[in-house]
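Engineer: Here are the chains, one letter per residue:
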Amino acid sequence: MKIIIIKYNAGNIRSVNNALLRLGYEAEITADPTQIQQADKVIFPGVGEASTTMAYLRETGLDKVIVNLKQPVLGICLGMQLMCSHSEEGHVDCLNIFDEKVRKFQLPEGNMENTKIPHMGWNQITDVKTPLFDASLEGEYVYFVHSYYVALGEDTAATTNYILPYSSALQKDNFYATQFHPEKSGSVGERILANFLRL
Amino acid sequence: MLAKRIIPCLDIKNGQTVKGVKFVEIKEVGDPVELGALYAEQGADELVFLDITASHEGRKTFVDLVKRIARNINIPFTVGGGISELSDADALLNAGADKISVNSSAVRNPHLINELAQNFGSQFVVAAIDAKHEQGDDWVVTVNGGRIPTDKRLFSWARECEDRGAGEILFTSMDHDGVKQGFANNALAKLSDNLNIPIIASGGAGKMEHFKDVFTIGKADAGLAASIFHFKEIGIPDLKAYLNNEQIPIRI
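Residue numbers (this note's numbering), protein chains in the order written: chain A, 1 to 199; chain B, 1001 to 1252.
Think of the hints as simulated: they come from the structure by calculation, not from any bench. Each statement offered as a hint is correct.
Derived lysine to aspartate or glutamate pairs resembling EDC-like cross-links, with alpha carbons at most 16 Å apart:
(1) A:K101 / A:E154
(2) B:K1219 / A:E113
(3) A:K41 / A:E26
(4) B:K1190 / A:E113
Derived list of chain B stretches under chain A, where covered just means 3 residues or more per stretch with a C-beta under 8 Å from a C-beta of chain A:
(5) 1067–1075
(6) 1116–1127
In this text, a Cβ means the ideal position worked out from N, Cα and C, and glycines have one as well.
Next up, chain A with everything else stripped away, as it sits in the complex (with noise of 0.2 Å):
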């Protein structure tokens, strides 16, 4: 199986190709269109910041290979955010995957509960769906640390609540994506990319 995942001006790519060499697979990392679309499986992770993203996939082209792939493709964190149609972090249409909005996590207000963003650490992935996630999976901790948020709709996968309730994970069609990082969620984590792994 040839795993790819995408090379660009984001962190934590290591993070994920070291998940995946637990898992005992090897991925290569690469920004060629080619071996992008000749992979079994395509991974789109992220840690950065929205609109230079955005900018950046666009310079390169690497926006258009990505909506045209027909194999799974698994974006993580700012990945999955960068899949929806906009948003909020530097105000910029992003690919269009899912027709949702990326918004920014408003404190509650008074804020009695001590509330921060960003939203950092372990918390609960419900209502979970598709072959992502086994039922096995429902209710399980997973690592998040974001500020910006998509809330439900059709394409959500799983429901977390922080602030409000909105879409840890999303999936259409052959796109999957995580807003928390399976590569850093310990053995839940590993668990959901053997899953995508299998598709």
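Starting from the known structure of chain A, fit chain B onto it as the hints suggest.
Structural biologist: Relative to the frame of chain A, chain B by itself:
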């Protein structure tokens, strides 16, 4: 619900884990990667690795160690110690660190926090603050492992760190560290009320109840400890079962 985090801290000297009492009398306690992996398996939510080696050679050893940690450990980890410029942070990011912590270097050059946040994002930057209680609400920020007092005060400096772009505050009370009589809960609660970023409490854990108190009275987002875990005084699975039983939101 977002879980409160339990974070074992590993001090590293020349590639080995050590733990001092009040930052002196350093004792070796084992291989950091092995110990970190064990903690991850036992349910630690994150790990912190602090390099207390001063030498240039030690630095290189530490970057290599960070690579090994990143390859072998499947939970987030922060590394700190000796980060005084962007290139230090860049080397650790490339080695696979999820976050870096800055302490004395940020006190000396506060703009470092802005630079780190702009280049790597706030989620990558933990501002570590060591402070010593004076009287009332007055806490003096110290540097060099608590040895040197500065003109900065805990609450205003913590606010400044947030304003400059730090993503988290790791507050160690030098009065509580190593004493095992509980965390500095009043100061922690005030930090949590004043700031909008997560607070990691450090210094003072001796019993399981201390963690319950730090999450309720101290309003902390995470509790960090070293010796009680290294010396097996408290097991992470037992601690998490206890906290769960006490209605603290925790990842089991």
